[in-house]
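Enquirer: Listed here are the chains, written in short residue letters.
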Amino acid sequence: MAVADSHDTHDDHHDLHDHGEFIAHHFDSAEQQFDSGKLGIWLFLVTEILFFSGLFVAYTLYRTNHPEVFEQAHVFLNKYLGGLNTIVLLFSSLTMALGVRAAQLGRNKNCSIYILITMVCATMFLGVKAVEYSHKWDMGILVRSAFNLTYTHPTPTTEIGKALHISDYLVYLCVVPALLLAGFIVASVISKLINKGTLAKFMIAMAITVSGYFLGVCVGIIFMNATEGETGSTHASVIAEQPLMLLASTQDDHAEGDHDDHDKAAAASNHEGEHSDHEEHFGSHPADGGEASFDAHHPDPSTLSRDVGIFFSIYYCMTGLHAIHIIAGIIALAWLYWRSLLGHWRTDYFGPVDYVGLYWHLVDLIWIYLFPLLYLID
Amino acid sequence: MVDASTRQKLFGTPETNFLNCTKGWKSWAFTLDHKRIGIMYLIGVTIALFLAGVFALVLRSHLFTFDSKMLTDDMYNQMFTLHGAVMVFSFIIPSIPAALGNIVLPMMLGAKDVAFPRMNLASFYLWIIGTGCLLAAILSGKGLDTGWTFYTPYSIDTNTGVIYATFGAFILGFSSIFTGLNFLVTVNTMRAKNQGWFKLPLFVWSLYATAIIQVLATPVLGITLLMLIAEKTLHIGIFDPKYGGDPVLFQHFFWFYSHPAVYIMILPAMGVISELISVYSQKRIFGYSFIAFSSVAIALLGFLVWGHHMFTSGQSLVVTLIFSAITFTVAIPSAVKVFNWLATLYKGSILLNTPMCYALSFIFLFGIGGLTGLFLGALSTDIHLHDTYFVVAHFHFVMVGGTLTALLGGVFHWWPKIWGRMYNDFLGRVGCFLVFSGFNLTFFPQFVMGSRGMPRRYASYDPEFQIFHQLSTVGAFVLGLGILLSFVVLVYSALRGPRCSSNPFRAASLEWQSSSPPDFHNFIHTPVLTDPYDFETQVYDEELDTYIPREFANPDKVAPRKEPVHH
Ligand code: HEM
Ligand SMILES: [Cu+2]
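Chains as they are written, first to last, in my numbering: chain A, 67 to 444; chain B, 231 to 797.
Honestly, the hints are just simulated from the structure, not real lab data. Fair warning: this is a prediction, and the values are worked out from it, not measured in the lab. Be a bit skeptical, because a hint or two may be false.
Result set (PhoX-like, lysine-lysine): computed pairs, CA atoms no more than 25 Å apart in a straight line [stated by the list, open to error]:
#1 B:Lys423 <-> A:Lys104
#2 B:Lys462 <-> A:Lys202
#3 B:Lys372 <-> B:Lys299
#4 A:Lys104 <-> A:Lys228
#5 A:Lys202 <-> B:Lys472
#6 A:Lys175 <-> A:Lys262
#7 B:Lys577 <-> B:Lys429
Isolated chain A, as found in the complex (with noise of 0.2 Å):
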């Protein structure tokens, strides 16, 4: 029978152990809080991956029941700037992974500086998703019940859409983004004023954070123009002559007004209740659209499954979700670098950098999955 010391009063536990100066109250060491933080974050990944894995499921089930409509949608996702984000969130992990190090030494100087070069590339990998994202919302590429593939590329009417030729919706993207990297500055600037040296540099580091998002977004629209800008541009004006309406039944619900803008001879072929032909397609496209060149990556819309759109809706699902994760890491990262700064790391307290150092490698593995599974279809 193995006993604790039994009638020993201690009326003040704290002066039991060495309670350092983190060490919550309820811990009787450091190392308990230590495996207690550990097994918690693991934990917490895990149900990280279940929470994801019902969309994989979902992915999973359609593919494999609908295996065409994979193979239509995919073209039109970039692999180059999927790749782009792929190298920078990998790398991003190693730069965290240092970060981890860092802690572990104690050294808080180089950890800070290498949580802001993670918090760098997370922002930046947020700029080429919205690159991406509105590229595609301008095609009309959105989930299942507003699909409407049209390729033309709507003239920007905002001025700075006019003025740097990029899409209203990147510009509506960007809006948060500048408004934090304006409060940041100004907020340095006022924090050195008032002599709070600090938060001065925390200040600065994330108006750095966030002008990786802009880095991002030019970045992004480098390499998408270097990959399909001129060719799909062409493409876009040539078919923006004859404007292609289809699907066009973002409001109403009925499959039928699927069709109402098309050739109605055609149309009154087509069904409700025919969904689960996946023959059929997404308009009936007058055989005169053949002028319109399309090619592997600019497939003609009237040869499309109307299915495409889950396709879609579970790449915004999961892309999505995935974002909300790359923001909340930054979050936490933010917290961390301010630790950083306040020199809290020591050889044995280093916990929370190695618990966001673990989130942030799932997030990055989750990555991982996605990209393959939704650009690299073939």
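Chain A is already provided as a structure; the job is to place chain B with the ligands on it using the hints.
Expert: This is chain B with the ligands only, laid out in the frame that chain A set:
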């Protein structure tokens, strides 16, 4: 009884305890103390129980006559949906783990708190927000009429507050994950020195198994509900057949969570019963490791049977057969537990006080509930019984007869520990009798109706069923009365009951070594590690008011090996 000065020497009787060490609402709202959080949870789930219970009584009143006009059909649909959703998501899932478990688990481990106290508090606040969102469906004036299962495609088409409710359930899911994650880590890292896994009380094992399910299954519900919300707002075409989606996929996702969730409800209850049976028989629990491992087996097997809710949904025959077969295997670990409890009772010195009455009711009612599950798991009978009152009776026997009964038993068992005051045992037993008889009167007739073809979720019915419905309605009010009486008994005792010693039931697990009410840090002295089920070789030290290993007993001060306490 130990006189105060002796106690003072040994324990240092606390002038303060966790209830009075700090004051003011803020000391509760921002508390990180697991006991206070547990009490707040207990209050919360009680409110949810009363609310959903009132819905139930309204439903039962409506069903008193076959052509009742009390509710419109629409209102009837809304009423049973809200009853089910609030009962399942806000009451029964958090009830035992988050309320009782929170209070007791760290103490059973001799720990000062759970591993992540802030996360524990966050879990409670998420519970409030989630429940608020569920109720927002009513307050928004839209109501909710999908049933607690939110089946597509109806949930996509209906104009009622599905988004509020599913968002609420989503948040409640996170609340539940937080509790589960916390418990897993706590049990792994915060056990008392030398307290091995097989020295743990079985309640801890059952909470551990429950936590595994909470952590593994609940995220899937989370993503499913998010997808449903996306489907409803954006029409993404994953579940909605109008857009090429697959509504049965929703059922799969939903039951992949919700079948394991029924074990989230029952496993902690089984843990409570294991404690009560052993303590009130003053006898070592029979087959400790079988009970412990059967909890884990139930938790894991529970993930493989969700398809038994979908036998009539058109899933393939092969799949159906496999699900049916695995469903039968899940019944085995459940039965193992029941037999072990019965064997523990055998030749025990049984004390029939309120908690024990509930424990015995549990065995009886869970037995019926579990066995009728087998009728439903058998393909040929389920085709007939699916979506009838037979199913309704089945799950009420396990959820109310099982979980609610065990919750009440557990609350009566640990109540004196929490408040340091004793309740009126006679009135407690009267309450238990009302609950037991009211319950049987309510739900037994439903088996009969169901097997004769009375479908569930209907606002009106054939006159031939009226007598059964009337019995059921009368029973529901008796049941309600029983719960109300128990509630009054408990609240009165917490405020006015006579003071009691720290271990009035002579239990051997660690939480009884703290004073009643416990100190803020749970234990004033490091507890003596005991075997929670050893009432034979360990000796009861009157002075310490606890069981301690024989070798630690002071021969002068220890009562001689006692004859059964309860006679
Ligand atoms: C002992 C093993 C059990 C077996 C074999 C079993 C079997 C089943 C089966 C086959 C069904 C589907 C009936 C149908 O819809 O046609 C069912 C429904 C249900 N069971 Fe069980 N069950 C067991 C234990 C439990 C427990 C312990 C709980 C909860 C604490 C529970 C709660 C439910 C609920 C809530 C439903 C109905 C859900 C709904 O359709 O609204 N069951 N059970
Ligand atoms: Cu089930």
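Enquirer: Next, verify each hint and record whether it holds.
Expert: Each hint, compared with the structure:
1. B:Lys423 <-> A:Lys104: Holds - the C-alpha atoms of Lys104 (chain A) and Lys423 (chain B) are around 20 Å apart, at most 25 Å.
2. B:Lys462 <-> A:Lys202: With Cα atoms ~22 Å apart, Lys462 (chain B) and Lys202 (chain A) stay inside 25 Å; holds.
3. B:Lys372 <-> B:Lys299: holds, 21 Å
4. A:Lys104 <-> A:Lys228: Given that 25 Å is the threshold and the Cα spacing comes to 51 Å, the pair is violated.
5. A:Lys202 <-> B:Lys472: Roughly 24 Å between the alpha carbons, so the hint for Lys202 (chain A) and Lys472 (chain B) holds.
6. A:Lys175 <-> A:Lys262: With Cα atoms ~18 Å apart, Lys175 (chain A) and Lys262 (chain A) stay inside 25 Å; holds.
7. B:Lys577 <-> B:Lys429: Satisfied, since the Cα-Cα distance of roughly 24 Å is no more than 25 Å.
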